[in-house]
Every structure is written in structure tokens, then in C-alpha cells.
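Number of protein chains: 2
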Amino acid sequence: MQDVYSFADGKADGRADMKEILGGKGANLAEMTNLGIPVPPGFTISARLCVTYLRQGELPGTLRTEVERAVERLEQTTGRRFGDPTVPLLVSVRSGAKFSMPGMMDTILNLGLNDESAAGLAQATGNSRFAYDSYRRLIQMYGDVVFGIKAADGGEDPFDAALAALKEARGAARDVDLAAEDLRGLVETYKDVVVRATGKPFPQDPWDQLWGAVHAVFKSWQTKRAVDYRRVNGIPDDLGTAVNVVVMVYGNMGEDCATGVAFTRNPSTGELGLYGEFLVNAQGEDVVAGTRDPEPLAELKQHLPAAYAELERVCGVLERHFRDMQDVEFTVERGQLYMLQTRTGKRTAQAAVRIAVDMADGGLIDRREALRRIEPDHINHLLHPTLDPDCEVDLLTTGLPASPGAAVGTVVLDADKAEAMGRAGEKVILVRRETSPDDFHGMVAAQAILTARGGMTSHAAVVARGMGKCCVAGAKDILVDEAERALHVNGRTVREGEWLTLDGSTGRVILGKVPLVPPGLSDEFARLMSWADEVRMLRVRTNADTPEDAERARKFGAEGIGLCRTEHMFFEGDRIDAVREMILATDLEGRRRALLKLLPMQRQDFVEIFRTMDGLPVTIRLLDPPLHEFLPRRDEEIRELAETLGVTEERLRHTVDVLTEANPMLGHRGCRLGITFPEITEMQAQAIFEAACQAAAEGVEVVPEVMVPLVAHVEELRRQTALVRATAERVFAERKRRVEYLVGTMIELPRAAVTADQIAEVAEFFSFGTNDLTQTTFGLSRDDAGRFLPQYLESGVLEADPFQTLDQEGVGKLMELAVHIGRKASPRLKIGICGEHGGDPKSVHFCHRTGMNYVSCSPFRVPIARLAAAHAAIGLGKEKDV
Amino acid sequence: MQDVYSFADGKADGRADMKEILGGKGANLAEMTNLGIPVPPGFTISARLCVTYLRQGELPGTLRTEVERAVERLEQTTGRRFGDPTVPLLVSVRSGAKFSMPGMMDTILNLGLNDESAAGLAQATGNSRFAYDSYRRLIQMYGDVVFGIKAADGGEDPFDAALAALKEARGAARDVDLAAEDLRGLVETYKDVVVRATGKPFPQDPWDQLWGAVHAVFKSWQTKRAVDYRRVNGIPDDLGTAVNVVVMVYGNMGEDCATGVAFTRNPSTGELGLYGEFLVNAQGEDVVAGTRDPEPLAELKQHLPAAYAELERVCGVLERHFRDMQDVEFTVERGQLYMLQTRTGKRTAQAAVRIAVDMADGGLIDRREALRRIEPDHINHLLHPTLDPDCEVDLLTTGLPASPGAAVGTVVLDADKAEAMGRAGEKVILVRRETSPDDFHGMVAAQAILTARGGMTSHAAVVARGMGKCCVAGAKDILVDEAERALHVNGRTVREGEWLTLDGSTGRVILGKVPLVPPGLSDEFARLMSWADEVRMLRVRTNADTPEDAERARKFGAEGIGLCRTEHMFFEGDRIDAVREMILATDLEGRRRALLKLLPMQRQDFVEIFRTMDGLPVTIRLLDPPLHEFLPRRDEEIRELAETLGVTEERLRHTVDVLTEANPMLGHRGCRLGITFPEITEMQAQAIFEAACQAAAEGVEVVPEVMVPLVAHVEELRRQTALVRATAERVFAERKRRVEYLVGTMIELPRAAVTADQIAEVAEFFSFGTNDLTQTTFGLSRDDAGRFLPQYLESGVLEADPFQTLDQEGVGKLMELAVHIGRKASPRLKIGICGEHGGDPKSVHFCHRTGMNYVSCSPFRVPIARLAAAHAAIGLGKEKDV
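Here the protein sequences come in this chain order: S and G.
Heads up, the first sequence is in the working numbering, so the first residue is 1 and it goes up one at a time.
Heads up, the second sequence is in the working numbering, so the first residue is 1 and it goes up one at a time.
Isolated chain S, as found in the complex (with noise of 0.2 Å):
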């Protein structure tokens, strides 16, 4: 077997494919030189003897022959010598492999100095300025990485000490201010610090060099930082990593040489045209350490507009050879252009969208390969602000990443002032212990809400995804204090009035006002966003309990309502006193009067909402939450509340107290609340039905679905669809006046998901809530589960939180289960999602796998899904005709 693959004059062993033998670099540097791109000669080690040469601690004898050929090959080519003292042929020695993984050992450059060809490279070069500088980097690099010469604990890199010593001595302000003879000085201090490190001379001969750089090389593969990086990224332990040697070009050896990156397209806006920067007289890591200002890299058309030239025509070989853009390394010597390195460009978000399309508009990938270049995950950042990237930020503490999005504000501790500071247009962020529904004003006023405590379906989390609004909860370093009107955080403390930054998307909480970068959908996102459609099978769906959210939704792609939660209509304005009114009523008398406070209330929004989603379907979850969530618990807000009520104190504080409950997640809600108030069930379906049969009347097409939230036995939805028909029976009779709907259920108890066969048989459809299919199946609680979850997550106890990605193990074997005996019971059965997964790409692609109908998801996520079904549909093949 080969373990070395040369490459040079136009010809290489080796191909684009064979990253793995080769790693990517090394693949792509055979890929190039096939291509017949100018790149220097090499030859890489193959990745394979990587794992081995680890395991047995040495390499296989014929190694050495082989590498001794490929060397022969480059000495040929070039017409240098290996460790000539005159014109010594010198050489980079990089890692690479299959994945682009930070932590390895990256670049020793010039390997093959000594102070004998040093010397020589002085006179042929007529540079020696140039030639000691080179054999100086080399004896840092090569002490960095091969003998692990490092800084001491606070203490300064010796190399770079000595340099700093150095300049200073002389007066200079730069590295280029130093004069050749003070390099050769400082040759002579570096050769001291590796003697000083490693008790020997830095080695003379170049086999030696060469040897101990391939050692170093696959032993960085081992590197902690490496191997953390593997785990994190599921990268198998077994690839290794290959070794380049490529014979060196110089960027640096007068003002025809340069070296620079370029993106063969603009990797934050996607626009076509080289895109990167280049420093003149430099080597690569230049640019890299940042010690001098690279120039754009337009600037060297002026310059060196041959080489300039070139690299366009290289690039442009390069893009329609690899169909994508390109991320390359390049030198230009002497006026003439080398390419070091090709790799597919990273870019942002807005970036992969308008090349995606630009490129399937000009034929070089299909609409198919243009959307697979997109993470749907990925374009979630286009649909919110986002901070700055270029700002620093003063990070106070992190929290969960609630909900996406980011936003600035001043610290507001309580909601009244929040929405009276809303009101008169100042941007605030409210910030509390937890949210409740009192709260509801000031969220809404607000730019965004921090909460010290909950979880990710915490009121604060659930509420603001709902609003598209930013939320960072649960930032527990957080300590509220009331009294002082401010926050205690770490040790600092930020007054109300003090200006905050959320990243909603990261859960970060920055003091102080960071610039956002707004949104913008793209005509490009919208082109993307029709391929994606036309491919997709499964409908996307929204999460929506308000007019304006359904109509976000609806400017997203949502083809419907999935899930309209009733219960928030409950929290606004006078309407909670309508409800505390109900949960205090001691007969169904009392009930029935407060309830009738309610009916036109809900019908409006629902009026409203069949306005908006006119000729698609609405998917309306019966009243949901347990009722003491509809009442205050502070001691101001019973007594305020008692007032209103015209009741005691007393008498309020020991319902609230009775209603109290060990386990709320638990407890008595969902249809349970319907069974044992049917009052309330009968409410919601006439609103429901009075207002289809308004906006019927006016026109719209309404399509009602009503869904049973929390049914565990069949007993429970028979007894409530059977009190929904009758109610919508008696308004079709009062309004003269019928409308097509459908009766169904969420599936979100494992009961519900054992018995669906039985509920099949009365249900019209399925919704699987996973949020609460997922806290029982695991028998974890979101709210709860921030003890613990992270810990489990970074200790690999769970590969993913079960929250963000479905468990399909486990929450997806009962849904599977579901789904089977759901459909045979009941085979036209429409099955749908609507829980937080329903925007999830990974659980689309379970979701459509599973055979569902559609998915459901906060409006915010709606393209990301339409994008995730598309790139279900393509990956298994099952697209429909395009």
C-alpha cells in the first residue's frame, strides 16, 4: 500500500476524493495540481499510518524509502538540494486532515535550514536579511511545535522574549526595522533557548528536521484540545491525520512577492468577486499574527496585476470545478502565483443563501444541490437581529438561550414600569425573578425579558418565542434585588435604568449597548425558500395565539395554524380578571356568569385569527394550563386582587394555596380541566364556532380544527369532542349556518401514545405535543432539568438535549409506535407536530420520515422548517417531481 502521495509539474497521485487518505488539504493540493493550477510540489504522508504510528509508537520501515523518493522528486523538479549549503531545497510541513479540526499541529515553515545553508541561501539570495529570518521562524515554529517550547505559566514565550529584547536593544519599532545582522544574532539566542529547553542543538541536518516534524506531527493528533474536538463533533478517533510536505514559495522576498486568502465570492453577503486580503513582502503567517495590516486584496490588482490576473483565473477554475466557493491560500513569488491551499469557503448565513441561488441560477449546481447547501439551522439568523460580530462585548453572565433574537435596553425590575416606559418609547429590558402572567403587559412592552430563574418552557421562555421576541431565562448568577431596584451579578451590580444586551440565541447577557444587525429576507431567501416548498411533502405549520403572530407566520410560509393556545388570549388585560372571576366561582352558576365575560372576548380573536389564516387551516388547543397559573402569588397582588373581586383576603389566599400543586406539569389541566368544568370546554367551543361562522359569513374560508390538549384515556376525548359537536351542533342551529371542522387531539402522554389505537378511533387527527411527551418520557422537567441537563450534555451522559432535538430513541420510538397504530386503526388519520421539535431540522427529518403530515412551529422558525422538510424529502429520496 502507498503511504506517500506526491504531487508536482501538473501530475499528483492523489485526487479531491481521497480526503481521508490525504486529508483535506492534501487531497485539494493534488486536486489543484491535476487541475493544472500553479501550486508548489509536495508529496503528503498518508493519514492512514496516523492511528498506527499512535498505537505502536513507530513507523513502518518502508516509510523512510518512500519519503527519500518523494523528496528525490522534489529535488528533480526544483533543481535544489535537500540540505544544500548552497541552494538548499526547503520545505512547509503542515498537518491535515479529513475534517478541518483546530489543536493540531499547524505550519513549520523553511524546514531545511541549517547554519550552513542559511549562510549559503544568504549569498545565492544576495537577501541574507531574508535568509536569516527564515531560519530564525524556523527555529521558533519548530521549537513550538516539536519540542513544545512554550511560555511558563504568566511567563512570556521565550522566542518571542528574545525577540522583544532584541528590538528594543536596537531601538526598533518593527521586526522589519531589524537588520540582518541582528537576525543572525538572534538565530544564535533562539538556537540557546532550544538548548537551554531541551538539553540539545536545534538538530542541523534536515532528515532529522523532517523525521521530527512527521513525529510532532501525528502526535498532535492526540492533543487534548484535538481530541475534545472530536468528541464534540463526533469525529471518529481513527482518521489521523496526514502530513504535507510542500516545498516552500516565498511571499516574502521583495516587493513582486506577497501572500494572502482570498473567498472566491464575499462570504458575508454572498456577492460575486474575489473577496480577501494580501500583505506584499510577507509570508503567510503575516497575515495571520496580525503584526502588520493586510491590505484588501483589490489593492493587488494595482500591485502585481498579473499575478492578480492569474489568481482570478485560478479562482474561477476553482469555483466551477468544485461547484462551491472557495476559502484559498496564496503566494505570489516574484511575480509568480502559487496556490498553497483550496477548501470549501465558510460564510455567513445571508452568504450561503445568495450563492446558492447564483449558482443554481448559473447552472453550476442544480435547485436540488442549492438547497442542500443550506443548514436550515443556519438561516435562523436571518430572521432576527443579531449582535455586531465585530463588537466587543462585556459579558456580565450567560443564561438559557430562550428565545432567538437580540436586543438592547435599559434594566426595567418590574412590568408596569416597563410598559408605561414601553408606551412612551423607550427601548427596555424587563428583567425579573421569574415571569408571570401579571407580567404579561411589561413583556409585551418590552424589547426583550431576562429571568433569573426557569427553564426553557419557563412562562418567561414560552411566552416571548410566542411574541418572536428575545428571552434569555434562567441566568441563575443572577440575583434580583427589589429593594435596591437592581441586579447582583458576580460580584457586580447593574442599576435599573443601566443599559443591557441580550443575545437570545446564545443566552448571553452583556452590560452595556451593543449595535444589532437587523434582519433583511433577500429576494434570494425567497426564491430558496419557493425550491424548498416544491420539493418538501410534509406542511409546515405555525405556532400562533394572536392575529398579528398568525400573520408574521403567514409572511413566513406557515400553510396554517398547528397550535393557537388558547390560554394566552386569557392573560391580557381585563379578560384575567373574567378568568379569576371563573377559578373563584364556588358554583357552576358563578362559573357559567364569569365565562360569559369571556365568550366575546375569545370569539373576537378568533374571528380575527380565521380572518388572518383565510383558507387554511386552524388548529385551536382547548384551555390548557392548571388554573392557579391565572392567579397572582405575591401578597400584593392577592390583596389588590381580593379588592377587585369584592372577596376576602383570606378566602383568596386559601384558594390559591388549595390550588397550589406538587407537580403542576402533573396536575390537574389540560382536558382534565374540561371534564370537571365541561362549562369551560363549552365556552371555548361556542366562541370557537360563532366566530367560524362570522368570518364565514363575511367571506373567509375558515378551517376549524379543535384539538383535546392532554388526553391520557380515550374516555377523556370521547367525553369532549362529544360536548364540542353538540355545542358546535346548537351554534350551526342558532347561526343557520354550518362550517366543516375536525375534532382531535394532542399526543403527549406516553399513555396516549400506547393507547392510539383506541384514540385513533375518535380522534380526526393527531398533534404530538413533544415538549410534554418528551418531560414524561423522560420523567425530567424542563423547568427542572438545569441542575442537571448540562452536566449530562458535557459529560456525553446525552448526546443531545432532548429538548432542542427530539430523543427519537426513546420520545420517538412512542411516537413511532403512535403513528403505527394510530394509522391502522384509522389509516386517512392526518398526524401533525406541534411542539418546540416541530422547528427542529433534525426532527423534521424524523417527523417525515415517520410518515406525518405536517409540522408545526413558532413563526420565527417556519422557513427553517420549510427548508428542513425540503432537505428531508432530498435525502430520502422521496422529493416530488420539480
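There may be inaccurate statements among the hints.
As the list claims (entries may be wrong) - Simulated crosslink set (EDC-like; lysine to aspartate or glutamate; CA at most 20 Å straight-line): (1) S:LYS813 with G:GLU809; (2) G:LYS813 with S:ASP757; (3) S:LYS476 with G:ASP657; (4) S:LYS224 with S:ASP153; (5) S:LYS427 with S:ASP416; (6) S:LYS813 with G:GLU715; (7) G:LYS813 with S:GLU761; (8) G:LYS824 with S:GLU310; (9) S:LYS417 with S:ASP481; (10) S:LYS813 with G:ASP237; (11) G:LYS813 with S:GLU809; (12) G:LYS219 with G:ASP237; (13) S:LYS813 with G:GLU816; (14) S:LYS813 with G:ASP657; (15) S:LYS597 with S:GLU551; (16) G:LYS167 with G:ASP177; (17) G:LYS476 with S:GLU650; (18) S:LYS476 with G:GLU650; (19) S:LYS191 with S:ASP238.
In short, the hints are calculated from the structure, not lab data.
Owing to the predicted nature of the structure, the values given are computational and were not obtained by experimental measurement.
We have chain S already, so just place chain G on it with the hints.
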């Protein structure tokens, strides 16, 4: 098809096994007739006609002919004629369905009498008092059950009123003080009552009387009470009732007449010999109505020795024939014994056991049949003291029957006082709003515990059941007023120091002292249990946390401990301080220090349990509850603890606050604790294995099984198992001794059930924690279910409380899946159940059927489980050879 079945002169058309057609009463009358037992002749109209009649509103035309022929046969046998003016044939008409059922028409006696034949009867018998008394009884009974003449709202029954008026007018104290002429006048008054109520005269034609009665019997199948009873008891509605028409015999024709009821053995104790009561010169209804005090049956021997001897003989025949204790009705007419009814006699649990064992010993039934005769739940009464059933009680309110048994004590509102009084030998009942670990010492000292809040798995309930101590939990009408040192209950006040009686088997809270009946386990009981052990295939273990519990359970026949909850060991004495110190420690060092204090105490507990269970397996569950359960909640307790631990009150409050969970049931508990704090698992494992080594060194045979709780993902179990095994090896090396042990897991989350195949690859045993599995599968918190579950059961949404009887359809489906895929992955996997269902007979049947190896339940339910396991084995015909 035959609709009328006659019985007369030792020959009957029917048989005992025709209860579906003839009803229980009719079938047994036929059977007795065939056995040659003196039964008055009669016939039974088939129950099959009942439902048809109710649906169609009319009887088949053929019936009239059949009935006429049957009456003719009665006329031939008796030599009397139906409607004959001088020697009238009189009959009784009674309903009788397959199952005894309250609410249906009971009895009409003396049917066939009218004005003319009453006079004739008076003449023929020379006893006109008898004749008119019989006639007026007919009119009254007929008026009541056929015409529905009842007392108006708040008024008196018009017949009773007329009788009372007559007695007052005559100055007669008793019915018998009325003269024949008085009764003749009463007949006229009664006839007027009928005319006034129905507008028609009392029917004079005996055939009209008979058909009216037949219709009335059939219609009584549909009375509300009968329908309700059938629904509650699961009796099909289409069964219908038969009609029994039997020639009248008279126990009221003189001193050589009598009527009575008898059990063939004592129904309270099971003792051999007739047991019952009788009245001389009376009709059956006099015994039932209680207008005269009946005499003990033994007296009949003196009175009518021949009749008594015949009764003894007949009862012997019946017992041998039916092979069970009989409950009979008889009448002696002029010295001649007639049997009017026989049926299997109801009996106490104690009697049931004694009778079954005696009959098996006597060869009347085999041992398997003896086992079948005892309902497992029934013997619960034998294991706890019970309230004297003869006492009147003053019911204060009712709570949840959280732990069975009965107890009497004075009200005490705090644990310290309860402990002090308990130590002083006083009997107290600890009454708390709800209990916390801080109340433990008071619970130990109290006779029983009563709480106003909390469900069937509240702290109070679980601890009480563990101690086999009576507990009524969640008696929500009770307001505990600590300031006033009193309870307010539905407008009544009970002060500290007043006596209460609790019935933990029904949830009754009774004011005052009610005498208790102590439990007594007879020799017969022990023998029956040994027979059960011979046939059952399921092992029965116990849930025991202390050596005392273990000892008790072993006496009850437990074959090991299936669940030893280590956390209960944490609550006692100064242990709780160490636990709290551990929780409040801010670093690993601090936690380890505190755990080191707990280690010797845990070890000592385990040593004692191992000693007690010598030779039997002991399954020890690692720490399960969330840590906040160990922390105090009330301000005062927090203050005290802060002082004890030397931390600020504020910091302690903050910790309590931070650890508080929204849904503790789904929170940071179970193996999640052991994974975030491995040092806890290590300490517990160390204590277990050190104790095992120590006990083994004493010659005890130890069989430890370490159980990891709340596993959702196999990786959790993998890590905890590794930790336990490493600790075991360390201890074995130190102690230079090895013991065999197993490491397994609870299956108590739906995710564990659906991934049981993966888990089985690591676990050496499964133990279904059906409490938690039911909570998560249903999404139903047992502590909160009290608000709606009772209504669910009452209205039939659920057929049974899933916390009492395993929900086989839902939870059971997950368990079957887990057993199936678990055994497939690991065929010799040991599987048991340790939820409270382990002691529920129906659930035990399920466990047997599913192929589990054992059930584990609280000590007091071990005998129940043993018997239920035997039933399961018998029922499935898979029993071992006996």
C-alpha cells in the same frame, strides 16, 4: 323455548347451574327440590323474558298458557285452587336475578287472596285473624310494589298511617294486640288507600294480581337503584331478572309455626354449627322488619326439636351438595320444615379462612379450591386492627385511605409534642397540614397520622405505609389552626387533646374513641398461606427500610427485600444533620466530609437488615428523592438549622430556594443525583459492601442487590454501575472477602421501558417502579390527582384508580414491552415489581402473566400478594405439582 320452570314433589325443571335463566333464587329452589329437600312447590318465569318485555312492552302470548299450566300443577299438588273462595291457593311472588341485587322488587306474599277467599280462608282455618292479617299484608305489599303507593315527601306511608291510627284507636301496643275484626276493618281501609291512590279498586281476580306482580318484578329491573348498582358492580344490563312464584307456607299459623334465617356455619368466626335466628308464629318479613326481636337459632331446638333436627339435616345436605357455607331461609308450618331459599353465605375474612381450611381438611373441597375461596384483598382486614363494626360513629370527615388499619388517639398538632406524649405512653394522633421529614420522630411515636394536604404518595402516606401505621391523608375539609391548637372541620372544632379515631382503610375521620378489633392470625390462616406458597410461581418480596419492617415482613412470609429505600434512613436523629451538611457543602471536600459521617450509620443499618434477611436477597435502592426534601421549609426550622450548621440564615434560605423545584417528581433526583454527585453513590455502595462483608464474616448469608433509581438512558446506568462495581472491588480488597451481588435498575420511566433492550445489556435485574411509571405514563401527579381523579372514577372516565390497580392497557403495555425486549436482550434477566401495585391482587395476576420473577410490596400486604400469586397460578392452570 321453555319460559316457565316448575318445581314440586321432589322434581324440578331447573337446576342450580341455570342461574342465568332462573336467577339465583329460582335455580337453587329447583336444585333443592331435586335433592329431595322440602321446598314449597312453585315455578320460575325465565329471566330471558325480562329484557324482551322491557324493550317491547309486552310479554309473549305463549307465556299465559305456560303460566296457567304451571298454576294448574300447583293446584294438583296442593289440592287448593287459585281463586277458590274456600281453599284458595296462595303464592308468594319474588324477583331473583343471577346476581343478588338491591333495588329490585322484593316480595309479595299471600297473592291470590281477595274479599271472598279471605272470608273462606278464615272459615277453613278457623282463624280469621290469620286470614285478614294475611289479606291486609297482601294489599299493603301489592300497593307498595305494584302500584307504587309510598309515603309522600316528608309524609308517612299511608298503609302504615292507617295501621298506626287503628292501633291508637284500639289502644293496641303491638300488631298482635289487634283483634280479627280490627284487621278486617283495616283491610277495608287499605282498599280505600288503593282506590284513592290508583283510582281503581284492589284487584279481586287472583290472575290480575299475578300478572300485575309479574310485570312489576320485570319493571323493577330498571329502577334507578338497580341500574346504578349494576353499573358500579359491572353486572350486564341485559341479564334481566326471573320471577319466582311459590306456594305460600305459613310460619304464623300458631305456636307450632316459625320462620327464620340460618347460616350453616358461623359467618363471623367460621365455627362449625348452625347459626341464625327465628321467630315463632311469624312471617318472614317480621324477622326482616325487626318489629319483633328474633331469638337465637339454638332456641328452636327447645321449641320445635323435630323441625330443628330436620333443619340440621337439610343444612348438612346443602353444604355437602354446594360444597360451601349456605345462608338459608326457612319456615316451619305446623311442625313441617320448608326451605324457602339457599345461597352461598357471606362471611368475614376470618370465617372465610377457617371455613375454607376446615372444608379442605374435611375433604369437601381440595386445597386449590380452598385458596380460590379467599379473596386476597379480603384478608387485608385480618392483618390490621379494625373498627368494631357494631359501634355507631360520629363521622367528622373523610380523607384518602392512605395506609390501612385503625387507630385511636388524642389530637396532637406537632411532632415534638407527639414524641413526648408517645414516650410517656400516651396514644396520640399526629395531625398536620402535611408532614415533612422533620415530623418523622412524631410519626414514629404516634398511633396514626392525619393530614389535610397531600395524596396517596405524600410524605405522610409513604412513611406511614412503610411503618404499617394507619394514615388518613389529604382530608381537605380540615383546617389545621396551629395558633388556636385546634382543627376546624366543616364548622366543627376539635381541640388538641380531644380523641379521634381514624380508619386508614376507608379514610374516615371519626370524633371520639371507637373500640378496635385487634388482628389475629389463626393457625388456619398459616396453613392456607402454606398451600398458597405451594402453588404460586411468583416470588413475594417486601418493601422494607428498617430491620423492624424486614422482621415483620419475614414473619408475613416475605422471601426477600425487593425495595429498601435508603433515604428513609436519612431522616432519623442526627443523620438528617449530616445529610443537610452534605447538601449545603459548597465543594466536593465538604460533601465528602459530611458523607463520611453518614457512612457508619448506613453501614450499621445494612448490617442489621442483612442479618434479619439471612439467606434472602436484599435489594437496596440508591438515594432517590430530590435533595430539597431533606431541607426544612418553615422559617423557624430554617433559623434553627442555620444555627446548628453555622451558616447564615440567608444563605440557607437561598439554598432551599435554589433547590426548590417546579416539578420535583420530574426533577433532580434518582440516579441524576448519583451522576452529578458520584460521591453519594460511592458512600452508599461502600456502606452496602462493607456491611455485606461484616455480616458475611458473622456467618450471615448475604445476597445484596444494588438498584439504581430513575434511569432514563442506559448511559446513566452504565456509569452508576461502574461506580458501584469499582467501590465493591475496593471494599473486597480492603476486607479480603468477596460477596456475590447484583447491580440492576428500576424501570420507572417510559423511556426506560421503551429502551429496555439497551438497559438489559447493563442491568442484572429490572424492578418496575410502577408508582412513578404510572405517574409519568399518565402524566398524573399522585399528589395532585385528588382534585379530579375521584370525579374521573365516579363518572366512569377511568374504571379504576391506576395507583391502586395497575393500568394494564397503558402502563402495562409499556411493562410488557420492557419485559419482552429486555429478556430478548438478556434472557435470564431477573424481573420484579416494587411499586405499591406489588400488593394489589389484579396487578399480581398481571405480573404473573407477564412472566416476572417476583413482586415486592409493603410488609402488611405480603400475605395478600402470596395468595394473589397462588390465584394467578391456579387461574392460569400453570401451577406446579402439589
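Checked against the structure, which of the hints given earlier come out wrong? Violated hints (numbers, rising): 8, 10, 14, 15, 19; every other hint is consistent with the structure.
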